Structure formats: structure tokens, C-alpha cells
Amino acid sequence: KQEVTQIPAALSVPEGENLVLNCSFTDSAIYNLQWFRQDPGKGLTSLLLIQSSQREQTSGRLNASLDKSSGRSTLYIAASQPGDSATYLCAVRGGANSKLTFGKGITLSVRP
Amino acid sequence: DVKVTQSSRYLVKRTGEKVFLECVQDMDHENMFWYRQDPGLGLRLIYFSYDVKMKEKGDIPEGYSVSREKKERFSLILESASTNQTSMYLCASSPNRAGYEQYFGPGTRLTVT
Numbered sequence: 001k002q003e004v005t006q007i008p009a010a011l012s013v014p015e016g017e018n019l020v021l022n023c024s025f026t027d028s029a030i031y032n033l034q035w036f037r038q039d040p041g042k043g044l045t046s047l048l049l050i051q052s053s054q055r056e057q058t059s060g061r062l063n064a065s066l067d068k069s070s071g072r073s074t075l076y077i078a079a080s081q082p083g084d085s086a087t088y089l090c091a092v093r094g095g096a097n098s099k100l101t102f103g104k105g106i107t108l109s110v111r112p
Numbered sequence: 113d114v115k116v117t118q119s120s121r122y123l124v125k126r127t128g129e130k131v132f133l134e135c136v137q138d139m140d141h142e143n144m145f146w147y148r149q150d151p152g153l154g155l156r157l158i159y160f161s162y163d164v165k166m167k168e169k170g171d172i173p174e175g176y177s178v179s180r181e182k183k184e185r186f187s188l189i190l191e192s193a194s195t196n197q198t199s200m201y202l203c204a205s206s207p208n209r210a211g212y213e214q215y216f217g218p219g220t221r222l223t224v225t
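Taken in sequence, the protein lines are chains Z and W. Residue numbering for the first sequence follows this note's numbering, beginning at 1 and increasing consecutively. Residue numbering for the second sequence follows this note's numbering, beginning at 113 and increasing consecutively.
Treat the hints with care, since some could be wrong.
In silico SDA-like cross-links for lysine to any residue, where the CA-CA straight-line distance does not exceed 25 angstroms [to be verified]:
hint, chain 1, residue 1, chain 2, residue 2
1, W, Lys167, W, Thr225
2, Z, Lys99, W, Leu157
3, Z, Lys99, W, Thr127
4, Z, Lys99, W, Lys182
5, Z, Lys68, W, Tyr212
6, Z, Lys99, W, Thr225
7, Z, Lys99, W, Gly128
8, Z, Lys99, W, Lys183
9, W, Lys130, W, Ser199
10, W, Lys115, Z, Lys68
11, Z, Lys1, W, Leu153
12, Z, Lys1, W, Gly154
Here are a few chain Z residues that face chain W, going by a calculated C-beta distance under 10 angstroms [said to hold, decoys possible]:
hint, residue
13, Asn22
14, Ala29
15, Gly41
16, Leu100
17, Lys104
18, Gly105
Okay, the calculated bits of chain W under chain Z, using three or more residues with CB under 8 angstroms as the criterion [as the list claims (entries may be wrong)]:
hint, segment
19, 129-141
20, 218-224
No lab work stands behind these hints, which were simulated from the structure alone. These numbers come from a predicted model, not from an experiment. Ideal Cβ placement from N, Cα and C applies to all residues, glycine included.
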């Protein structure tokens, strides 16, 4: 059974810092991996989707990498801003039509 | 832009009531999903559907049922609400094609008293 882990559960950094959020998964036979952002009391917003054949994806200040063999993904946030404060979740898909397995998320606080 | 809407943002119901949570998507997606999210437990899949009138159980289907009569609409039904069903409920949809993202609605915060 696939398990997705995100450690630490919470992170607090000063504004302007570059930071890395980690995600690990137990079964490397994944189809793709998706990073989401969730603001308090709201739904999830998709940030980046990495297919199993890809190594990384970029969107603005965000860069997500995938190392399937080691069961790891990282979300890199450059020059963090207070508006980046949110919970970041990663989720993996085991096959084209299989469900997503989610990590519990990392709650990020960026201090002004 | 993909839009997934949920009928209520906040809902308060009494124990034993029948509760309907509605989800509508406007992008002609085949797949639709219902999750619940609880502190410390993360997101857990309740039910999903790959097509109209089709449903499959997720990880925690007990106490819930679903209905998908039209492609754009996926309903979650709590036959007899209980206090342990107090939670945030999230609906999502995705195309039934390889590699596409899942899109989420804003969520419904349900409190059962």
C-alpha cells in the first residue's frame, strides 16, 4: 500500500528565504505526482504536476523535482513571501486511472 | 478555467438527519471524487466515479453513499448523520485521460451536532 510522508509538519521561515519542501513515497511505481496548495478553510489548488518520465516542472518561483527511484519529490520555493503561507500537499497516482494518495501536508508560515 | 463548485461552504446538521452534499464541475470531466479531510489524518477518499451512474468505494465509504445521474454532478449522501462525520468535505474532478490533474472545489465544512 502506497504511503506518502511529508516532514516536517510545519515550517516557519523569514521572508525572502529560498526553501525546500520534501515529500517521500514508499512505492516507486507511480504514474505521476502532484503538488497542491491549501489556504485555511479552503479547497486545494493544483501547483505542479510531474509525470513519472519527468525530472522536474517549473512554474514561476516554484520548482518541483521527482526522483522515482529514491521515492522522493521536492518543492522548491524561491524568494518566499508572506503570501506563500499555506499548507502544501503532495499526492501520488499509482496508475493512469488509479486514485491519488496524499501526504498530510506541510504548513508553511513566511514571516514578514 | 476548470470550475468545481460545492453547494454549501458551511453546513450544520443534527444527528440522524439525511444530508446531501452536491458537487458540480463545468469541464466535462469523466472522473469525480469525494474526500474528507480531518486534522492529523489528511485527505481520505470516500467514493469516486469514472462515469455516469458508476461509483466505486474509496478508503472510507462506511456511512456514505453517492449518486451520479449526470456527468457534471456528483452527490455525497450521509444517510443518517453522526457526530463523527463532522469534517471538511472536498470534491474533485479530472479528465479520464492519462496524466491530467485533479481539480478541487472549495470544500464544505459540515458540523453534525
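Structure versus earlier hints - violations, ascending order = When the structure is compared with the hints, numbers 1, 3, 6, 7, 10, 13, 14 and 19 turn out to be violated.
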